[in-house]
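As a plain string of letters, each chain reads:
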Amino acid sequence: MKLHEKLLTHYLSCTSPVDKEGYLYKKKERNATYQRRWFVLKANLLFYQERPGDRHLLGVIVLEGCAVRGSESDGQFAFSLVFEGPGLKTYRFAAGDGPTQESWVKALLSASHCYLSLLVRDLGRQYEEAKQQQGPGESRHSSSVSALKQSTNFFPVQGRTAVVREGRSFSACTVLQAPSTTTKVVAKKSPKLWPRRNAHVTPLNGPAPLYGEWPLVGFDPLEDFSKLHDYYGQEVKKAREEWLRSRRVEEEHSDGHLIDLG
Amino acid sequence: MRFNEKELMSLSRQPSEMAAELGMRGPKKGDVVKKRLVKLVVNFLFYFRTDEEEPIGALLLEQCRVEKEDSQSFSIAFLDEAERKYLFECDSEEQCGEWVDSIIKASYEFMRKNLIFYRTEIHRLTGKDPLEQYGISDETRFQVNNGQQFTTRDTSSL
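Protein chains in written order, with the working numbering: chain A, 488 to 749; chain B, 5 to 162.
Since the hints were made in silico from the structure, they are not lab data.
Misleading hints may appear alongside valid ones.
Below 27 Å or equal to it, Euclidean Cα-Cα: the simulated DSS-like pairs (lysine-lysine) are [stated by the list, open to error]:
(1) B:Lys72 with B:Lys117
(2) B:Lys10 with B:Lys72
(3) A:Lys576 with A:Lys514
(4) B:Lys33 with B:Lys10
(5) A:Lys489 with B:Lys38
(6) B:Lys132 with A:Lys489
(7) A:Lys507 with B:Lys33
(8) B:Lys32 with A:Lys514
(9) B:Lys72 with A:Lys576
(10) A:Lys507 with B:Lys32
(11) B:Lys39 with A:Lys489
(12) A:Lys489 with B:Lys10
(13) B:Lys33 with B:Lys117
(14) B:Lys72 with B:Lys132
Distance ranges between label pairs, derived from CB positions [to be verified]:
(15) B:Gly34 with A:Tyr521: 29 to 37 Å
(16) A:Thr502 with B:Lys32: 39 to 47 Å
(17) B:Arg128 with A:Arg538: 36 to 44 Å
Selected chain B positions facing chain A (in silico; Cβ < 7 Å) [claimed, not checked]:
(18) Phe52
(19) Leu83
(20) Glu87
All C-beta atoms in this analysis are idealised placements derived from N, C-alpha and C, irrespective of residue type, glycine included.
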């Protein structure tokens, strides 16, 4: 199959910023040695080259249909991208230290198109709710999150039968609920990186249409987001536990930040 | 450049609402229209010979311009080369419109911009950052002023 590489390299080098870059060790498939590579994450594409600023890109990994896992067995600060399916690869990486590992895992977890698509739909719905609630009572807005969990019909199906994708492709999407590794960061910080009361940010083509009009690209999510959330909550719990096991022993104190999924 | 071909092929087999036989013509002089199964999956446009399971190729739908060419066909221009376009012929004006719309909305950058819009608006209306509940408010990809946080990458030699 021909991947039109120029389109990818052009996208990489265009003016929109990259999402993350830095050195990681990549495990060679055959002889299990690690090679240091410079990785650049942009959208759902993970590029790698020998050094930053190199003319030659060694490769790219399209990040769809993969799960991000901590890999204790691979050594310190290791993690992997597991593409689930017959004959599909697992890419293994190691970071130089814990914070780097954590930060890459977080970035990769939220990198897929599938994930972003779910997130946008969810926010679109919250936006509509917030607009409707804007008049009466300030206290109402805080209920929008609980409303997410309780109401039953978020995604009107547009006259077509829902196509449920195989479970494996939801892996990246299941982490819509905050994994424990992120709670430390979120707990104390206000969103300083973003200006308050900035009502002047508009998308390129105007506000997106109502979520019901989004094209159902790639997959059709189940109608009930809270059910989807609960259903995959088990997988999230498992992934979390695996992830916690792969962390260093000294970080036991992080237990206090766990979200109890119940 | 290496890429995860098997995984990309597996992606091309995912169900998609936008999959149809269209006439497709490449961007080079001398390219002719050929019947292809064209399929939109995430931000990739895969195209197959109509009787084959493996796609011939995959086009990344970022930084491209999609336009209606006439009532039933649309074009996609890449690499800022306005004259080098892929042309797609549909069966109806309605189908053509659907494709144009879907391709635009499939772009990751388009979705990101909308996300940032919603995030900003929800925050303005409710005082809350909707990404906090998911623990991703610090992710650079979701920042409102994303463009201001990075130095320009010198990739002129790429």
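Each hint tested on the structure:
1. B:Lys72 with B:Lys117: 23 Å, holds
2. B:Lys10 with B:Lys72: With Cα atoms ~33 Å apart, B:Lys10 and B:Lys72 exceed 27 Å; violated.
3. A:Lys576 with A:Lys514: 12 Å, holds
4. B:Lys33 with B:Lys10: Violated, at roughly 31 Å.
5. A:Lys489 with B:Lys38: 17 Å, holds
6. B:Lys132 with A:Lys489: Violated, at about 45 Å.
7. A:Lys507 with B:Lys33: Measuring from Cα to Cα gives roughly 38 Å; hence the hint is violated.
8. B:Lys32 with A:Lys514: 40 Å, violated
9. B:Lys72 with A:Lys576: 39 Å, violated
10. A:Lys507 with B:Lys32: Violated, at about 35 Å.
11. B:Lys39 with A:Lys489: 18 Å, holds
12. A:Lys489 with B:Lys10: 12 Å, holds
13. B:Lys33 with B:Lys117: It is violated: about 35 Å lies between the C-alpha atoms, which goes past 27 Å.
14. B:Lys72 with B:Lys132: 40 Å, violated
15. B:Gly34 with A:Tyr521: 29 to 37 Å: 47 Å Cβ-Cβ, so the 29 to 37 Å window is violated.
16. A:Thr502 with B:Lys32: 39 to 47 Å: This hint is violated: roughly 27 Å between Cβ atoms.
17. B:Arg128 with A:Arg538: 36 to 44 Å: 43 Å, holds
18. Phe52: 10 Å, violated
19. Leu83: At about 5 Å, which falls below the 7 Å cut-off, the nearest Cβ of chain A leaves the hint on B:Leu83 intact, so it holds.
20. Glu87: 16 Å, violated
Of the numbered hints given earlier, the model fails hints 2, 4, 6, 7, 8, 9, 10, 13, 14, 15, 16, 18, 20; all others are met.
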